[in-house]
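Participant: From first to last, the protein sequence lines are chains A and B. Here the first sequence is numbered in the working numbering, starting from 1 and rising by one per residue. Here the second sequence is numbered in the working numbering, starting from 1001 and rising by one per residue.
None of these hints come from the bench; they were simulated from the model. Worth double-checking, as some hints may not be accurate.
Listed below are the simulated BS3-like cross-link pairs for lysine-lysine, each with C-alpha atoms no more than 27 Å apart in a straight line [stated by the list, open to error]: (1) B:K1063 - A:K479; (2) B:K1035 - A:K479; (3) A:K444 - A:K599; (4) A:K484 - B:K1063; (5) A:K479 - A:K450; (6) B:K1065 - A:K479; (7) A:K514 - A:K502; (8) A:K246 - A:K479; (9) A:K393 - B:K1086; (10) B:K1093 - A:K479; (11) B:K1077 - A:K484; (12) B:K1086 - B:K1073; (13) B:K1116 - A:K310; (14) B:K1065 - B:K1035; (15) A:K246 - B:K1116; (16) A:K485 - B:K1063; (17) A:K176 - B:K1116; (18) A:K313 - B:K1063; (19) A:K246 - A:K450; (20) B:K1064 - A:K479; (21) B:K1077 - A:K479; (22) A:K484 - A:K502.
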Amino acid sequence: MYTSIFAVLLFYTDVYKKIINSHVKFINIIYLLSIVPFFLLVLGFGISDLSIINVFQNSYVDDPFLFKITSVWGSHEGSILLWIFLINIYGIIFLRKNTDKQIHKQIIFISSLFIIYLVISSNPFENVNANSIEQGMGLNPILQNALFVIHPPTLFLGYIGLLIPFVLSSHILITKNFSEDLFTQMLYWSKISWFFLTLGIVLGSYWAYSELGWGGWWFWDPVENISLIPWLLNTALIHSLQVSIKNNQLKLWSLNLALYGFIASVFGTFLVRSNLIVSVHSFATDPLRGLFLIIIIGYLFLVTIRLNLKSAKYFNQDTFNLISKESFLLMNNIFFIAAALTVFIGTIYPLFSELFFQSSVSIGAPYYNFSFNLLLAPIILLMAFAPQINWSKHERKNNNSLYIILFSLILGLVFYYFLSNFYFAFSVFLTAPIFLKSGMMLFKVFPKNKEFASQWLGHLSIGLFIIAAIFTEQFDYEKNISFKKDDTSQIFLDSETEVVLKNIQDIDFQNHQKILVSLSVLQNGNEYILSPSKNIYQPSGQVTNEVGTANDLLHQFYATISTIESDQVNLNIVFKPLINLLWISAIMLIFSIFLSVIKRK
Amino acid sequence: MKILKSIYKLIFFISVIFLSTAAISSENQLNDYYKTIRCLVCDGQSIQESDTEFAINLKEQIKKKYDNGITLKEINKELVSIYGEKISFTPSKNHIFLWMCPVIILIIFIFFIRRKYKYR
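Whole structure, please, built from the sequences with the hints as guidance.
Facilitator: Written as structure tokens, this is what we have:
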């Protein structure tokens, strides 16, 4: 049955050119046909059809139903199928907004590239001899989590959302139709992609922090990096499109950003699946898969170069003032693209180092922190002033920027004097203008004009995010403690805080066994209960950590079990100040783009 | 009143942190250092996050040396000489191109902009 579906799919990739030109309805039918296999795989997992290798390897008969379904994207094959499914879902929705056959032809072409890839190198419907198996091998336990239900699909929606700007951009370059309408559509879709991309990254980060017990929210792991590259490019794209639409400049620039944005997201997938880099996100990998994906990327890349060469003559030189909105937005673009490139180079540098210098090297937080501090610091200062500055065709008004910067500098110095921490003081200096400007906006501009609300909220939340992130990183403190079982003694975290072991419990669940440790943290008369646990999963016997947290407004106590020995438990307790502000600001950021998307309707 | 309370709490925490920065630094410094050491048997985790035998042993060794008064710089040098450069998440000064690349990229971009776009 499944093979026949694939025969049908292959068939349509060959003949689609003929039928596609006849009627728009056929496009819809093609999209609908391509989402069918995904539902079949969902069905296969739902009823635990263990004759499919993929189901056998990634699902367990006794798993809860929800996790059976999410096992669909727990494997490489399934996630590529999800990728194709989402491309076609985007296609169906995009068809309602724009019925240009040429654009949809491109979407279908790219979708079929991935379908061919799926059929050749990673068929999710392969059969296995049904007699030898009983229960299935089970979904990787770290993936058995409510956040895994939504994190990969959201991230994929973000990646694939960049496909629409990609096809629009190449359409514009092919037809040489530089109408404002197409650029506005591009902005709309890149905002949608940005929404999902940000949401996906934040969910992944929150998952690593609160569920996996990695102790932090960002690790500069290769897989995190490759999701950050499209995000940075997309951010740049949203900003440069403002110039293209409102001021008729930087058009080729924006078009190129859209093209490279999608290439970056495909490249990300390639890098993860090809076994070239080592990451905490492990996929079953195979060189053939990598080879095929690199062919797709190479093809997209060549198309981009060719389109560029052909259309360069249609653009004239843009001129503008140094202190104007378009100039600031261009600077934003430069720094964001540079940041994306540094992340890119940092991610693939170990490969080159191994190839050319025969020395393997690990690149982690120190390098990225260095380059991000260097590249993003100037942007943060600009971020406060850019929204209100005028385009260069208008008169320049007097403004108070200099006073604001001076005031922020003083504020930074005050913080340095009191906290004697350079990083935090510097980030106060950088972000203070945003907060000051926000205050002014709130009282002066909003009563009259709410046009900039989403933009203002976005910038404000970035400011809050930076403050929270730096504060947490600089002022967290961490302690490794051990308790004997049945121990009633207190351990002091610092002079104000003490920890007491309450009890240790064993609890049995449907497919795992949980060892739960309850701790009580006492600080100035307040009691916080922390209950970290270790889960032992069937059938693999794999062990996962679960974090115990307790909130105090914006601060958080965070405990993980490092090891359990026969007579004692070793724990790791961290006090993370302001960490909740970080998540709040991330939610604000996502909400701000949501506002700007619905505003356009 | 709630806001006042939270402001009070914030001030309290800031002062606690200010007072405790001096006291807690040595263990924190060590924990921060663990984060820059790669656990070679895991997939890209640092020894701070990992619970494998390799990570736990290495942490113990580092702590012993640190308590004996050997500086983190010296410990790092020793680790690199034993396990190779891969052990440290901080690439050494041999990889000067890597460290320079944010600056190089920025300069290239600014040069490109100056040629392509005219400022009035």
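Participant: None of the hints should be skipped; say for each whether it holds.
Facilitator: Here is how each hint holds up against the structure:
{"no.": "1", "hint": "B:K1063 - A:K479", "in the structure": "13 Å, holds"}
{"no.": "2", "hint": "B:K1035 - A:K479", "in the structure": "14 Å, holds"}
{"no.": "3", "hint": "A:K444 - A:K599", "in the structure": "21 Å, holds"}
{"no.": "4", "hint": "A:K484 - B:K1063", "in the structure": "22 Å, holds"}
{"no.": "5", "hint": "A:K479 - A:K450", "in the structure": "48 Å, violated"}
{"no.": "6", "hint": "B:K1065 - A:K479", "in the structure": "19 Å, holds"}
{"no.": "7", "hint": "A:K514 - A:K502", "in the structure": "16 Å, holds"}
{"no.": "8", "hint": "A:K246 - A:K479", "in the structure": "54 Å, violated"}
{"no.": "9", "hint": "A:K393 - B:K1086", "in the structure": "54 Å, violated"}
{"no.": "10", "hint": "B:K1093 - A:K479", "in the structure": "32 Å, violated"}
{"no.": "11", "hint": "B:K1077 - A:K484", "in the structure": "36 Å, violated"}
{"no.": "12", "hint": "B:K1086 - B:K1073", "in the structure": "16 Å, holds"}
{"no.": "13", "hint": "B:K1116 - A:K310", "in the structure": "17 Å, holds"}
{"no.": "14", "hint": "B:K1065 - B:K1035", "in the structure": "17 Å, holds"}
{"no.": "15", "hint": "A:K246 - B:K1116", "in the structure": "20 Å, holds"}
{"no.": "16", "hint": "A:K485 - B:K1063", "in the structure": "25 Å, holds"}
{"no.": "17", "hint": "A:K176 - B:K1116", "in the structure": "21 Å, holds"}
{"no.": "18", "hint": "A:K313 - B:K1063", "in the structure": "64 Å, violated"}
{"no.": "19", "hint": "A:K246 - A:K450", "in the structure": "18 Å, holds"}
{"no.": "20", "hint": "B:K1064 - A:K479", "in the structure": "16 Å, holds"}
{"no.": "21", "hint": "B:K1077 - A:K479", "in the structure": "26 Å, holds"}
{"no.": "22", "hint": "A:K484 - A:K502", "in the structure": "11 Å, holds"}
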